Amino acid sequence: MTVSHQCFHCGAPLAADAPVAVVDAAERVFCSDACRRVAELIDARGLGRFYEFREGPTGTSTEKDRREDRWAGYDREALQREFVTRNPDGTLSAHLLLQGVRCAACAWLIDGAMTALAGVRSISVDPVTTRAVLTWHPDETQLSVLLANLARLGYTPFPYTEDDADRVAIEEQRAGLKRLIISGLGMMQVVSFAIAMYAGAFQSMDEDIREFLRLVSLVVATPVVFYAGWPFFVRAWKGIRERALGMDVPVSLAIGFAFTASVWNTFVGDGEIYFDSATMFVFFLTGARYLEMMGRHRALSLTGSLARHLPGTATRLVDGRAEEVGVMELQVGDHLQIQPGKALPADGVLLSSEARLDESVLTGESTPIRKLTGDPVVAGSLNLTHAAEIEVQRVGAETVMAQIGRLVTDAREQRPRLVEISDRVASWFVAGVLLSACVVGAIWWQIAPARTFEIVLAVLVVTCPCALALATPAVFTVATSALARRGFMIRRAGALQSLSRATDVVFDKTGTLTIHDSVDPDVVTHGKQTAAEALEIAAALEACSEHPLARAFPPPAVAGLAEDVRAVPGAGLEGRIAGRDYRIGTLEFALEICGQLGEISPHGDSRRIAYLADVDGLIAEFDIAERVRDGARDDIGRLAGMGLEITIASGDRLAPVQALAARLGVRATHAGLHPEEKLSFVRGLQEAGRKVVMVGDGINDSPVLAGADVSVAMGSGTSLAQYSADCVLMSPSLEPLAGAVATARKAMQVVRQNLVWAICYNLVALPLAATGVLSPWMAALGMSASSLLVTANALRLGRRERAPLAEQPASESAAESAVEPTAACCKPTGGAAS
Amino acid sequence: MTIIYLLIPLGLVVLVLAVGAFFWAVRSGQFDDMETPAWRILLDDDSAPPGPKDD
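Protein chains in written order, with my numbering: chain A, 64 to 897; chain B, -14 to 40.
Incorrect hints may have been included.
Stated by the list, open to error - Computed beta-carbon distance windows for the label pairs: (1) G263/A <-> A23/B: 40 to 46 Å; (2) A262/A <-> V4/B: 22 to 28 Å; (3) R12/B <-> G396/A: 40 to 46 Å; (4) F330/A <-> Y(-10)/B: 18 to 24 Å; (5) S267/A <-> R12/B: 45 to 51 Å; (6) R12/B <-> D96/A: 43 to 49 Å; (7) A23/B <-> I822/A: 25 to 31 Å; (8) E305/A <-> T(-13)/B: 21 to 27 Å; (9) L(-9)/B <-> W293/A: 29 to 35 Å; (10) F16/B <-> A88/A: 35 to 41 Å.
As the list claims (entries may be wrong) - Covered by chain A, according to a simulated footprint, are these stretches of chain B (three or more residues, beta-carbon under 8 Å): (11) -14 to -8; (12) -5 to 7.
Stated by the list, open to error - Here's a subset of chain A near chain B, in silico, CB distances under 7 Å, partners left out: (13) R237; (14) L240; (15) K241; (16) I244; (17) V279.
Since the hints were made in silico from the structure, they are not lab data.
Please read these numbers as outputs of a predicted model, since none were measured by experiment.
Cβ coordinates follow ideal geometry from the N, Cα and C atoms, glycine included.
Kindly produce the complete structure, drawing on both the sequences and the hints.
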């Protein structure tokens, strides 16, 4: 057995007395009993091989979610109506969103474990969208049992109501597939007839058989043109009506002309037919469109749904009695009781006299907000202190949260500027194609009227701005989804382009390069309080904060002790406990409360970060061991190796920042910066012509994140960050960042390659077609090959790269443990993912 | 060569049947998830897993 420093199941760092269990035929160490139980359950069901195949650490459910009564509300029919459908054979299918599904191995595990349960007919899990459809027989088992079982496996289920966008996506996908197959099969038939006729021309084919083959070609080509090719006509017509010439205009002109002329010639029984060219053209274009569409859907569905932020059930008060109901059953006017620590399920007004809410999911403001009777409250905000009562005013899609969700979706679907530019260029290009087709047609009409049609057709077909109109958007969607799969979400459309031009990366320190998750800081007391008392005060204050540092403190024994807690960004927290004012944070900030700044010299070594003080003076220092984020040194090294200037800009004092910089191999550091100073530092770089990527936790850094060319927020921070930053790093390591810059650069390179290809291709193909060297079927083949080439070039970005993971661990563990013994826990995640 | 007057329409009938089968498969959602089934065959054990056990 190898000595592991990470939980076997979830990858979290281990505590001293970590539980041990035998799983998958070896002794494994776990961070908590919850993880141990999940792993034991998986092993007991004979599914231990899951651990060999999964792509990274897996999630754990909370103790509460594992109990069946947590899910009892979902057995009610009224609640099931929203996400459960009834099948003809009497079984029911529930649509669920599963938290913690990472890869196909998870899907396999869920499938294996769930279908073994009595009453379960099937469960299908899509690892990309983390959606699942669970089918069971209501006579044999209950949904609550199944949901609890899912939670016990470590995947917390959420009922999922398909929104319109998803339904549309699935419909579009299915329709695209049908069109692809119709055009593909039709094309094969028609081309084989065409070859027969071509060969027949040399071997004196009977006129009757020739006529018959032409007729059959017509029969097969008709559905290809009018079913598979229909979207081209629709889009072309739309484009013409909106006075925007897209690539669909010449495409549908070519298909339409070729088909009409062929039909005419078939019935006249004379002249060329072009069914082969038309069907080939439709098939290849449909294929390229299909690939592009699949890439786009993947990119869009990945960011998941906001539904996860809302609780599934609520406590409704009816005549003073409390009953558990599903959120979807709630109606305007209902009175709800919200337990402390729970999120509000609907918008409404507060009925209790006072409540403290954390609205950071919506507003990004992490400081608790004090609400009084009659104040409006919004769904998704967290009730922090006492149980509160609210009256429901808006539910479901009308809540503020749902509206924000729509905004986020809109932001995802906005078109990057580069795509817009290439669209505009494409429309000029199309105008040029149409014009040159007319000119060529006019010239050939003078020379050889009989060949005019064929040549105009070839010109229309061969020149197609697909590199612009098809491949450029494809590059963006594919790159976005490839990055999302590696844990790097892009939220602003232009971010990819800016990322490719970046010259500087500025890191925040706390919560970005380092994490605090010890929950057991060392305490040095100065005043009369004992260490335990001091810790309790600090914990009560920090419980109201979302700063990454706050996670270093244990949860307070009594919730809601601290009042009027106010966060001062970059400094600390201030609040009142039992009538006494306290401050915790930097030395300067904490000592301001007693006016003893400079009079007290702290024990302070460089790692002591948090100071607690009241009006009588300094109470305690908290030694919060900072842990360097897993693999940070290698990841930063890789960024630097790509020619990026790395800078650390931190609000922390100089000594710890420099110590960290030395460990990470970063030369440029700026310490003791306030958020505004960080911003002016970034502005300074920008004025010097640099393009700055700012990486922060998103709380203290909001202004500087907004000021940078590209902002990246660590996903482990609050939800605020996910709304204000251009990109969100979802993985616990910085590893995807270097990959993102590399992918962004490669994406821009692909865009350039495609443009160069398109220009060269058209420069060669247009004269050939105009001089009559190319016949229409050659033109169709050439154009299709060109468009497939550019699309495939774009899709190339989506390929996974696994190789760099393997070479990472050895060098870093050695380097880090040499600097400081405690760094041994910073085992790179790469080891777990292999 | 008159046999092709029979064979080609016959081929077209088979084509229509194949397209019909494919459309049915698409409609019943068989192409909605292209990733998991590929994994299932690699990972599945032939032996049935032991019955459910609560922790």
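* Asked: Taking the CB of A262/A and the CB of V4/B, does the distance hold inside 22 to 28 Å?
  -> Given a distance of about 27 Å, which is inside 22 to 28 Å, the answer is holds.
* **W293/A and L(-9)/B - C-beta distance against the hinted 29 to 35 Å** => With a Cβ separation near 32 Å, L(-9)/B and W293/A satisfy 29 to 35 Å, so the hint holds.
* Range hint 45 to 51 Å (beta carbons of S267/A and R12/B) holds or violated -> Given range 45 to 51 Å: holds, Cβ gap about 47 Å.
* Just tell me: holds or violated, for the beta carbon distance of E305/A and T(-13)/B against 21 to 27 Å? => Violated - the Cβ-Cβ distance for E305/A and T(-13)/B, about 53 Å, lies outside 21 to 27 Å.
* **18 to 24 Å as the expected CB spacing between Y(-10)/B and F330/A, which holds or is violated** => holds, 19 Å
* Answer holds if the nearest beta-carbon of chain B is closer than 7 Å to that of I244/A; otherwise answer violated. => holds, 5 Å
* Asked: Is it true that R12/B and G396/A lie within 40 to 46 Å of each other by Cβ?
  -> Since the Cβ atoms of R12/B and G396/A sit about 42 Å apart, the hinted range of 40 to 46 Å holds.
* **G263/A versus A23/B beta-carbon gap, inside 40 to 46 Å or not** => holds, 43 Å
* Asked: How does the coverage statement for the stretch -5 to 7 of chain B fare against chain A, requiring three or more residues with Cβ below 8 Å from a Cβ of that chain?
  -> holds (count 6)
* Hint validity - L240/A Cβ closer than 7 Å to any chain B Cβ -> For L240/A, the interface hint holds, since the closest Cβ of chain B sits about 5 Å away, which is under 7 Å.
* Going by Cβ atoms only, is V279/A closer than 7 Å to chain B? -> Holds, because the Cβ-Cβ distance from V279/A to chain B comes to roughly 6 Å (cut-off 7 Å).
* Asked: Hey, does the K241/A contact hint survive, CB to chain B under 7 Å?
  -> holds, 6 Å
Comparing the model with each earlier hint shows violations of hints 7 and 8; every other hint is respected.
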